[in-house]
Amino acid sequence: MTRDDLASFYRDYIACLNRQDWPALGQFVHDDVAHNARPFGLTGYRAMLERDFREIPDLRFNIELLISDPPRIAVRLKFDCKPVGTFLGLAVNGKRVSFCENVFYEFSDGKIQQVWSVVDKATIEAQL
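Residue numbering for the sequence shown follows our numbering, starting at 1 and increasing by one per position.
Derived by calculation from the structure, the hints in this document are not laboratory data. Treat the hints loosely; a few may be bogus.
Derived DSS-like pairs: lysine-lysine, alpha-carbon spacing no greater than 30 angstroms straight-line [claimed, not checked]:
no.	residue 1	residue 2
1	K78	K111
2	K82	K95
3	K78	K121
4	K121	K95
5	K121	K82
6	K95	K78
7	K95	K111
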């Protein structure tokens, strides 16, 4: 894929997440996907995302910065949401918080196979 093709594919992936279109997730995510060096597989990755949406009912992925350099993408995602209960070990309990996540993706066979992500937890802590 070209840089533009990969960036467009990634935007479609984010749209899939925001729609919570779980049956379509396999179009974007490799069966052997790993997250932060932990092998999840597509089923485990989907379960992680479904849990995120249960814990954050108004979750929406917003691309703030995207750099495409095939076979990788680097992105800064922006969130403005109200997690219910505990989030990242913090008692958020429905308070609105804004934070970012920095993520690197590596693609194989035209799908996301590796994901490395870091959430800016300190920003959340400062808002509580």
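Evaluated hints:
| no. | hint | in the structure |
| --- | --- | --- |
| 1 | K78 - K111 | 23 angstroms, holds |
| 2 | K82 - K95 | 5 angstroms, holds |
| 3 | K78 - K121 | 13 angstroms, holds |
| 4 | K121 - K95 | 15 angstroms, holds |
| 5 | K121 - K82 | 14 angstroms, holds |
| 6 | K95 - K78 | 17 angstroms, holds |
| 7 | K95 - K111 | 35 angstroms, violated |
Violated hint: 7 only; the structure is consistent with all others.
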